[in-house]
Amino acid sequence: MSRALLKVENLSVDFGPVSNPIRVLNDVSFSVGRGQAVGLVGESGSGKSITSLSILRLVPEPPGHIAAGRVEFDGCDLLKLPRNKMPEIRGRDIAMIFQEPMSSLNPVMAIGDQIGEAIKLHRALDSSRRRERVIELLKLVGMPDPVSRLGSYPHQFSGGMRQRVMIAMALACDPKLLIADEPTTALDVTIQAQVLELMKKIRSEVNSSILLISHDLGVIADICDRVVVMYAGRVVEDGDVKSIFRTPKHPYTQGLLQAVPRLADDRERLYQIAGSVPAAGSIKQGCPFFARCSLRQNRCQEQMPPMFQFGSEHSAACWVTAEEEVS
Amino acid sequence: MTALPSTRLTSAPDSRTLFVIKTVFLGNPVTMVAALVIFIFICVAILAPLIAPYDPLAQSYLTINIYPSAEHWLGTDQFGRDVLSRLIYGSRNSLIFGITAPFLAAIIGTTLGVTAGYFGGLVDRLVTRLIDLLLAFPELLLAIIIMAALGGGFWNIIVVLTIAFVPGFARVARASTLAVKQEPYVEAAISVGVRTPTIIIRHIVPNIAAPIVVLMTLWVASAIRLEAALSFLGIGTRPPHPSWGNIIRDGLNNIFGSPWPIIGAGLAITVVVLSFNLIGDAVRDVLDPEGGE
Amino acid sequence: MNDVLVKAEGVTKFFGGEGRLFSKEKTPQVRAVDGVSFEMFAGETLAVVGESGCGKSTLGRLLLRLLEPTGGRIEIDGTDLTQISKEALRNSRRKMQMVFQDPYGSLSPRRTIAEIIAEPLEVFEPSMSSRARRERVADLLEQVGLSPDIMDRRPRQFSGGQRQRIGIARAIALNPALIVADEPVSALDVSVQAQIVNLLQDLQQDKGFSYFFVAHDLAVVRHIADRVMVMYLGRVVEIGPKSKIYAAPQHPYTQALLSAAPEPDPEGNTKRIILQGDVPSPTKVPSGCSFRTRCPLAQPICSSERPELRQVAEGQLAACHFAETNPIRQ
Chain A
3 MSRALLKVEN LSVDFGPVSN PIRVLNDVSF SVGRGQAVGL VGESGSGKSI TSLSILRLVP
63 EPPGHIAAGR VEFDGCDLLK LPRNKMPEIR GRDIAMIFQE PMSSLNPVMA IGDQIGEAIK
123 LHRALDSSRR RERVIELLKL VGMPDPVSRL GSYPHQFSGG MRQRVMIAMA LACDPKLLIA
183 DEPTTALDVT IQAQVLELMK KIRSEVNSSI LLISHDLGVI ADICDRVVVM YAGRVVEDGD
243 VKSIFRTPKH PYTQGLLQAV PRLADDRERL YQIAGSVPAA GSIKQGCPFF ARCSLRQNRC
303 QEQMPPMFQF GSEHSAACWV TAEEEVS
Chain B
2 MTALPSTRLT SAPDSRTLFV IKTVFLGNPV TMVAALVIFI FICVAILAPL IAPYDPLAQS
62 YLTINIYPSA EHWLGTDQFG RDVLSRLIYG SRNSLIFGIT APFLAAIIGT TLGVTAGYFG
122 GLVDRLVTRL IDLLLAFPEL LLAIIIMAAL GGGFWNIIVV LTIAFVPGFA RVARASTLAV
182 KQEPYVEAAI SVGVRTPTII IRHIVPNIAA PIVVLMTLWV ASAIRLEAAL SFLGIGTRPP
242 HPSWGNIIRD GLNNIFGSPW PIIGAGLAIT VVVLSFNLIG DAVRDVLDPE GGE
Chain C
3 MNDVLVKAEG VTKFFGGEGR LFSKEKTPQV RAVDGVSFEM FAGETLAVVG ESGCGKSTLG
63 RLLLRLLEPT GGRIEIDGTD LTQISKEALR NSRRKMQMVF QDPYGSLSPR RTIAEIIAEP
123 LEVFEPSMSS RARRERVADL LEQVGLSPDI MDRRPRQFSG GQRQRIGIAR AIALNPALIV
183 ADEPVSALDV SVQAQIVNLL QDLQQDKGFS YFFVAHDLAV VRHIADRVMV MYLGRVVEIG
243 PKSKIYAAPQ HPYTQALLSA APEPDPEGNT KRIILQGDVP SPTKVPSGCS FRTRCPLAQP
303 ICSSERPELR QVAEGQLAAC HFAETNPIRQ
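Protein chains in written order, with our numbering: chain A, 3 to 329; chain B, 2 to 294; chain C, 3 to 332.
In short, the hints are calculated from the structure, not lab data. Mixed in with the good hints, there may be bad ones.
Said to hold, decoys possible - Every beta carbon over 12 Å from chain B, so not counted as near; a handful from chain C, in silico:
1. Pro30
2. Thr84
3. Val101
4. Leu123
5. Glu326
Said to hold, decoys possible - Straight-line C-alpha distance at most 20 Å; calculated SDA-like pairs for lysine to any residue:
6. C:Lys286 to A:Gln158
7. B:Lys182 to C:Pro111
8. A:Lys286 to A:Ser21
9. A:Lys202 to C:Arg274
10. A:Lys178 to A:Lys244
11. C:Lys286 to C:Thr29
12. A:Lys202 to C:Lys273
13. A:Lys203 to A:Gly35
14. C:Lys88 to B:Ile201
15. C:Lys9 to C:Glu77
16. C:Lys88 to B:Thr116
17. A:Lys122 to A:Lys178
18. A:Lys203 to C:Lys88
19. A:Lys203 to A:Gln38
20. A:Lys244 to C:Asp267
21. A:Lys178 to A:Phe100
22. C:Lys246 to C:Pro111
23. C:Lys273 to A:Ser206
24. C:Lys286 to A:Leu81
25. C:Lys244 to A:Lys203
26. C:Lys88 to B:Arg196
27. C:Lys286 to A:Phe159
28. C:Lys286 to A:His157
29. C:Lys244 to C:Pro268
30. A:Lys202 to C:Gly270
Unchecked claim - Examples of chain A residues toward chain C, derived with CB under 7 Å:
31. Ser46
32. Leu107
33. Thr192
34. Asp242
35. Val243
36. Ala261
37. Arg264
38. Ser278
39. Val279
We put the beta carbon where it would ideally sit given N, CA and C, even for glycine.
With the sequences and hints as input, model every part of the structure.
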């Protein structure tokens with residue numbers, strides 16, 4: 003793993019009028035290595051979905067506006083690329099899986115044709131080879147009896163099967179990066195387990211990197227090698243999955259992990275983080291978690307802490323825990 | 002908890018209505034102008050006897066087809082009647098029809114539509130069939146049929162216009178009720194034991210009011226047009242009494258004598274209709290339950 | 003503690019199956035709730051879990067008779083709700099309230115917080131003066147952890163968690179005996195979820211009401227339930243005390259459900275039971291045991307004979323022919 007495949011640097015995104023914009027994404031930096039699965043965790047308003055949309059330059063402009071930063075993908079800055087070059091990258095180099103598969107599939111087109119079209123856009127294959135490739139993809143995603151389902155329409159599939167079709171479409175051109183935005187949130191638990199199992203299988207069989215966006219810490223723990231924790235439009239912690247879940251350094255991550263109910267514990271009471279998630283752009287100064295933090299100090303309100311290193315693969319933006327670490 | 006400030010406990014100011022009125026009329030200069038125009042027209046209609054320079058029915062051979070002058074600002078028609086005075090008196094008929102008919106239709110139509118939508122079943126089927134039946138006829142044709150059966154006269158025109166407008170309101174009210182009925186807050190009200198009439202008045206009607214009010218303002222315009230059309234066809238306001246519609250009809254026979262009755266009445270209708278439509282748009286923007294405030 | 007508060011016997015609810023105008027065909031019948039019987043004790047929390055379409059929310063609404071049951075009896079505090087008149091039903095709503103899943107839709111957007119919370123008081127205590135009512139609303143707001151100063155604002159100014167608190171304040175206004183909570187935390191952010199779960203627990207300790215807690219998240223249920231009822235395609239497949247359901251689930255579906263939920267622990271998701279296929283459509287429920295099409299233990303008998311709920315341990319019932327010999331049991 004020499005150089006990172008995707009490097010997001012100091013990305014800031016504004017929404018609303020230029021005169022009085024709301025900063026929904028503030029100085030976000032992280033990277034995804036080749037073959038790595040990175041999880042982007044956050045609650046509503048954390049900016050995790052906007053981050054993924056910015057990478058693909060799919061932020062609606064206006065009202066959105068990328069104010070600053072670089073998105074370096076495979077050595078080239080996507081934000082500097084002419085707009086008409088983006089469709090070549092989307093689908094071929096970077097593919098996306100959405101939360102609601104029904105709305106991302108064309109309801110009046112057979113799924114065999116839809117996957118075939120995804121291939122046709124980026125690869126010159128004759129129609130019989132294309133058909134073979136579609137069947138191969140459907141087999142890969144665990145579609146039972148793929149040949150006979152080529153002519154079926156999206157509404158004839160269940161939610162879980164539709165998500166499999168979406169994944170097959172995303173994998174059609176062997177993308178270098180697969181962005182999955184809450185891929186299992188709309189699914190039932192037993193179906194979610196199937197899709198998660200499929201994603202793990204894909205990780206081992208296809209050489210794509212994965213950027214998984216989720217609010218569900220369980221899903222992240224299951225799939226990812228690295229975790230990026232976002233809060234109110236900022237990255238607050240970044241590290242390998244074990245250190246994040248075992249020794250979280252940011253009070254938000256700590257609180258979140260304690261607040262999640264677990265199957266295997268007998269706590270009578272859940273730990274609770276006071277207050278509610280701030281509205282996008284409502285925090286102008288200092289640490290965004292200040293109002294809800296149990297460790298807060300005066301300077302947290304005035305100055306946004308930089309990302310402090312805690313070991314080679316782990317960093318967090320907190321003045322207090324960084325100081326404790328030193329002493 | 003210590004004693005609460007008494008102001009908070011006793012006053013539950015409902016500033017919503019006030020807020021709507023304020024936002025609708027003061028939010029946008031165009032709407033303000035439209036409101037002002039309508040206000041002026043209503044004043045003119047009420048104060049017609051004081052404002053009109055001449056008797057609108059008084060004929061004179063000496064002043065036939067005069068062009069606008071200092072004495073007759075909008076000239077006279079083929080019977081020598083003062084056009085401005087006729088327009089001023091005509092606004093009474095036109096505005097009364099224009100406002101009363103949609104208002105009555107909104108009340109009747111909403112009642113029908115909400116009942117059908119909320120209770121469903123047989124009531125719904127009966128009401129929907131009735132609406133379909135009425136909607137099968139164009140408004141004007143329906144009005145002509147009923148007028149032919151009932152004959153002319155002030156109240157008959159009101160009845161005709163109201164019947165012509167009821168199905169539209171009923172349909173919109175029914176569709177909106179069906180949607181609002183599914184809202185969890187309606188289920189919440191049922192689950193706390195609120196009686197059905199209270200649920201309808203408190204939780205259904207306010208939440209379907211927006212499209213109804215908008216429809217009403219749009220149909221004020223239609224009512225004025227329809228009354229004009231009926232009068233133009235000779236079954237609306239009876240001559241010699243003026244309404245904007247029959248001023249145009251009379252004017253048409255005499256268009257080469259003097260175009261001023263047509264120009265005046267046409268302009269009046271256009272301005273009033275446009276104003277009501279603008280207000281309707283503004284009301285819709287403000288009444289949207291998730292917008293504003 | 004052992005007074006029976008709710009007694010449901012053979013409750014069924016079918017949707018559809020009606021004839022159509024000008025057609026001999028009937029609309030497909032959905033067996034949303036199919037012969038459910040259980041008891042609930044005063045002061046306890048019974049959690050109902052299952053995947054979408056298993057009938058858990060429908061069952062909650064049947065308990066409150068917000069839906070008319072197709073068959074069966076529902077007794078609350080000794081009165082059979084399915085037999086009483088509309089007026090008597092309305093009166094008995096004082097004893098049972100509901101907390102809704104959707105914190106945005108369940109509060110009327112045009113009403114103030116005070117009006118929303120005072121609505122049950124208005125219905126059942128009409129003699130209360132408006133001042134007293136506002137005092138009561140202020141008190142209720144404090145109980146759910148909100149400032150009384152917000153009472154003249156409207157719902158749109160509040161976050162999901164705050165709205166859910168308002169919904170809870172409305173539900174507890176009349177001190178009901180039973181609260182049906184329909185997925186009350188599933189629409190909330192994780193950091194807010196814990197607040198609401200704790201609030202519900204605190205209120206219960208304080209007031210002693212029972213929760214019929216509908217949920218799909220077994221981890222949340224573990225923190226709030228006394229007993230757990232697992233439903234699949236409109237039927238109860240397992241019911242029992244929380245300790246037994248989590249430690250020794252007997253039905254293969256319960257076992258799969260427990261192992262399927264991903265734990266927030268990078269090393270905790272090793273032995274997962276992956277069920278094959280999808281939940282069958284509730285219009286075409288399989289014969290015999292409805293779970294047999296996905297069950298790793300299915301045998302011929304499962305398609306011919308429907309397993310009844312039977313006792314498998316003290317207080318624990320499961321509907322499986324092979325509950326005792328179940329090899330995947332932990």
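Against the structure, the hints come out as follows:
Distance check on C:Pro30: its Cβ is at least 20 Å (rounded) from any Cβ of chain B, clearing the 12 Å threshold; non-interface status holds. Look at C:Thr84: its CB is around 17 Å from the nearest CB on chain B, clear of 12 Å, so calling it non-interface holds up. At roughly 9 Å from the closest C-beta of chain B, the C-beta of C:Val101 falls inside 12 Å, breaking its exclusion from the interface. With a least beta-carbon separation of about 9 Å from chain B, C:Leu123 fails to lie farther than 12 Å from that chain, contradicting its non-interface assignment.
No beta-carbon of chain B is positioned within 12 Å of the beta-carbon of C:Glu326; the least distance is around 41 Å. Distance check on the hinted pair: C:Lys286 and A:Gln158 sit about 15 Å apart at the alpha-carbon level, within 20 Å; holds. For the proposed pair B:Lys182 and C:Pro111, the alpha carbon gap of about 14 Å is at most 20 Å, so the pair holds. For the given pair, A:Lys286 sits about 16 Å from A:Ser21 by alpha-carbon distance, which is consistent with the 20 Å threshold.
Annotation: proposed proximity of A:Lys202 to C:Arg274 holds, straight-line Cα distance about 13 Å (limit 20 Å). Of the supplied pair hints, the one linking A:Lys178 and A:Lys244 is violated, its CA atoms being roughly 25 Å apart against a limit of 20 Å. The hinted pair formed by C:Lys286 and C:Thr29 meets the criterion: a straight-line CA distance of about 13 Å does not exceed 20 Å. Between A:Lys202 and C:Lys273 the CA atoms are separated by roughly 14 Å; this keeps the pair inside 20 Å, and the hint holds.
Between A:Lys203 and A:Gly35 the alpha-carbon distance is near 19 Å, which keeps this suggested pair within the 20 Å criterion. Between C:Lys88 and B:Ile201, the direct Cα distance comes to roughly 17 Å. Compliance with the 20 Å bound is thereby established for this hinted pair. For the proposed pair C:Lys9 and C:Glu77, the alpha carbon gap of about 5 Å is at most 20 Å, so the pair holds. Straight-line distance between C-alpha atoms of C:Lys88 and B:Thr116 comes to about 19 Å, which keeps the hinted pair within the 20 Å bound.
Taken as a hint, the A:Lys122 and A:Lys178 pair is honoured in the structure, with Cα atoms around 18 Å apart against an allowance of 20 Å. Proposed proximity of A:Lys203 and C:Lys88 is contradicted: the alpha carbons are some 57 Å apart, above 20 Å. Straight-line distance between C-alpha atoms of A:Lys203 and A:Gln38 comes to about 14 Å, which keeps the hinted pair within the 20 Å bound. Between A:Lys244 and C:Asp267 the alpha-carbon distance is near 8 Å, which keeps this suggested pair within the 20 Å criterion.
For the hint linking A:Lys178 to A:Phe100, the alpha-carbon distance of about 17 Å falls within 20 Å, and the restraint holds. With a CA separation close to 43 Å, the supplied pair C:Lys246 and C:Pro111 exceeds the 20 Å bound. For the hint pairing C:Lys273 with A:Ser206, the CA-to-CA distance comes to about 18 Å; that is within 20 Å, so the pair holds. Taking the CA atoms of C:Lys286 and A:Leu81, the gap is about 51 Å. The hint is violated against a cut of 20 Å.
Taking the CA atoms of C:Lys244 and A:Lys203, the gap is near 34 Å; set against the 20 Å cutoff, the hint is violated. Of the pairs offered as hints, the one joining C:Lys88 and B:Arg196 holds, with about 10 Å between alpha carbons and a cut-off of 20 Å not exceeded. Restraint check for C:Lys286 and A:Phe159: the C-alpha separation of about 16 Å stays at or below 20 Å, so the hint holds. At roughly 17 Å between alpha-carbon atoms, C:Lys286 and A:His157 fall within 20 Å of each other, so this suggested pair holds.
A threshold of 20 Å between alpha carbons decides the hint, and for C:Lys244 with C:Pro268 the separation of about 25 Å lies outside it, so the pair is violated. This hinted pair checks out: A:Lys202 and C:Gly270 have alpha carbons roughly 15 Å apart, not beyond 20 Å. Residue-level restraint check for A:Ser46 holds (minimum Cβ-Cβ distance to chain C is 6 Å; threshold 7 Å). The beta carbon of A:Leu107 comes no nearer than 17 Å to any beta carbon in chain C, farther than 7 Å, and the hint placing it at the interface is violated.
Given the 7 Å rule on beta carbons, the hint for A:Thr192 holds: about 5 Å separates it from the nearest Cβ of chain C. Nearest Cβ of chain C to the Cβ of A:Asp242: about 9 Å, over the 7 Å cut. The hint is violated. This hint holds: A:Val243 has a C-beta 5 Å from the nearest C-beta of chain C, less than the 7 Å allowed. Nearest Cβ of chain C to the Cβ of A:Ala261: about 4 Å, under the 7 Å cut. The hint holds.
Because the beta carbon of A:Arg264 sits about 6 Å from the nearest beta carbon in chain C, less than 7 Å, this interface hint is met. Because the beta carbon of A:Ser278 sits about 4 Å from the nearest beta carbon in chain C, less than 7 Å, this interface hint is met. The beta carbon of A:Val279 is positioned within 7 Å of a beta carbon in chain C (closest approach about 5 Å), and the interface hint is therefore held.
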